[in-house]
Amino acid sequence: MWLNCRLLSLPKIAGYPWKVAGSLQTSSRAYSVIPPPRDREEEEMMHRMLRVDHAGEYGANRIYAGQMAVLGRSRTGPLIQQMWDQEKKHLAKFNEILAENRVRPTALLPLWNLAGFALGASTALLGKEGAMACTVAVEESISEHYNSQIRALMESDPERYTELLQMIKEFRDDEMDHHDTGLEHDAESLPGYWLLKNAIQLGCKAAIYVSQRV
Amino acid sequence: MAALLRGLRAGRLLRGLPSVVAAPASTNQQCSSLRRSFHCAALRLQDESKSDKSSASSSSSSSSSTTHHEHYQAHSSHQDTEAASQQDPDPNSSDREQDEEYETEEQLQAQILAAALEFVPLHGWSMEAIAAGAESLGLSSASTGMFPNGSGDLVLHFISQCNSKLTEILAEQHNQVQLGQAERKKTADFLRDAVETRLRMCIPYIETWPQALSILLLPHNIPDSLKHLSTMVDDIWYYAGDRSTDMNWYTKRAVLTGLYNTTELVMLQDSSPDFKDTWAFLDNRIQDVVNMATTAKQMQSTGEAVAQGLMGAAVTLKNLTGLNQKR
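Those protein sequences? They're chains F and P, same order as listed. So the first sequence is numbered by the numbering used here: it starts at 1 and just counts up by one. So the second sequence is numbered by the numbering used here: it starts at 1 and just counts up by one.
Here chain F stands alone, though its shape is the one from the complex (with noise of 0.2 angstroms):
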């Protein structure tokens, strides 16, 4: 069902050649996404990046459970669901590639279980436009948030990142086509958009901060 969607959305991503955008996400074996680090002080940077999107990601995850336990049987159940499993996806992904490498996954991880569970459902009770404001606000902070370690990554060494470049990109693209569904489906619409947004992604801005460091 799923490969499906995927088949279908193909022609939004045109640029990717087709085995590229289905490696990805059909195998869930660990090729080696990381090129093995040259020192320390690179090891040290590759490992905060993963450290920090782990984080990202798991903190996703818990804000869709969220929004499923309140608005899991209602109209926007499915629509929901769906941007669940792919964000389900990409945890597993990062999952992978943390034990591969053996980086250390953040100690905040319990506290952004419950900041993100908590951030879900206290803006699924305002209702379908309060969870997809919430979706649109995190949704862009987190493309922001790989386009500026994409940008890293390019000014560095492109081709030594290569692999890692392409699944932050299929990811960042993830990321943009639910901020696009959000808004699609009346997210503006909710009263008091502005102040809920921007509230969210300070938070998130410091999540990714701290995330970082611990």
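Among these hints, one or two may not hold up.
Said to hold, decoys possible - As a list, the in silico SDA-like pairs of lysine to any residue whose alpha-carbon atoms are at most 25 angstroms apart:
| no. | chain 1 | residue 1 | chain 2 | residue 2 |
| --- | --- | --- | --- | --- |
| 1 | P | K326 | F | Q81 |
| 2 | F | K88 | P | S301 |
| 3 | P | K318 | F | G127 |
| 4 | F | K88 | F | A121 |
| 5 | F | K88 | F | V33 |
What the hints assert, rightly or not - Sample of chain P residues with no beta-carbon within 10 angstroms of chain F, all distances over it, derived:
| no. | residue |
| --- | --- |
| 6 | A114 |
| 7 | P121 |
| 8 | F158 |
| 9 | L166 |
| 10 | L170 |
| 11 | A182 |
| 12 | R184 |
| 13 | K185 |
| 14 | T187 |
| 15 | A188 |
| 16 | D193 |
| 17 | L229 |
| 18 | D283 |
Derived from the structure by calculation, the hints contain no laboratory data. All values derive from a computational prediction rather than experimental measurement. We put the beta carbon where it would ideally sit given N, CA and C, even for glycine.
Start from chain F and add chain P according to the hints.
This is chain P only, laid out in the frame that chain F set:
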């Protein structure tokens, strides 16, 4: 301190010069004789520092510039290098050995510390052991100037050596399992064997180990000792097959750290033959951990079952009272 500065400066010179001096084309023979003259100069520098302890930094800079000058002269003609090697105080054979054995200051330090380990049972973990080690290599005992944190450096060097040995052993076992030549051990057994292997490496120094542990607890040594401990624990869990990416990562490592530290302390005051009391203690602690993990899992599944039961009861009640209709 001045001796340390001079040693560091000489080390930097040694490292920098071969790249500078080798730029003009030179034969292999010239290179090796150059290296020999560099080493003689380094040794002479260390001897100078022994007899010249109270010199100010200006004289140290002048002595380093004279060595620089010496090196430059040595490059310009073969005769100079011959003369330099004739003048050096050590016999040519040990000089040639040192030629191949170290190229950087770190390697020299590692060599001195490795030699110093032999003298630890005699002198304890101290500067005397390092001085004795340096002398056994034919260097002056003033090389201790290279180690401002002498006893700490010695203990940390020993620990990192033991950890590397442990990692090699674990990697070898891992390979054996991958190749199918050995059975995969259960986690509890693996941990027990890994901790026992690592602690057995301390047995030759067990008399002085309390001193080593107290040195590691000094504030300026704590970051390094914690780093070594955490990498060791991480390695053991990695080879035990842990690939967790959630809080289990932290709890597992915390448990193993506690296990290792307590067993080490028990070993210090164990006088049974071949430390069998220590290994029995280790077995019991690992059994405790296994029991705790099983209990935790049982509690979790019981909790889940109870929660499901409650949910079922709540849904039944809602159905009975008619509150569960979709509007």
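We went through each hint and held it up to the structure:
no.: 1; hint: K326/P - Q81/F; result: holds, 20 angstroms
no.: 2; hint: K88/F - S301/P; result: holds, 23 angstroms
no.: 3; hint: K318/P - G127/F; result: holds, 23 angstroms
no.: 4; hint: K88/F - A121/F; result: holds, 18 angstroms
no.: 5; hint: K88/F - V33/F; result: holds, 19 angstroms
no.: 6; hint: A114; result: holds, 23 angstroms
no.: 7; hint: P121; result: holds, 34 angstroms
no.: 8; hint: F158; result: holds, 22 angstroms
no.: 9; hint: L166; result: holds, 16 angstroms
no.: 10; hint: L170; result: holds, 13 angstroms
no.: 11; hint: A182; result: holds, 23 angstroms
no.: 12; hint: R184; result: holds, 17 angstroms
no.: 13; hint: K185; result: holds, 20 angstroms
no.: 14; hint: T187; result: holds, 16 angstroms
no.: 15; hint: A188; result: holds, 21 angstroms
no.: 16; hint: D193; result: holds, 21 angstroms
no.: 17; hint: L229; result: holds, 15 angstroms
no.: 18; hint: D283; result: holds, 28 angstroms
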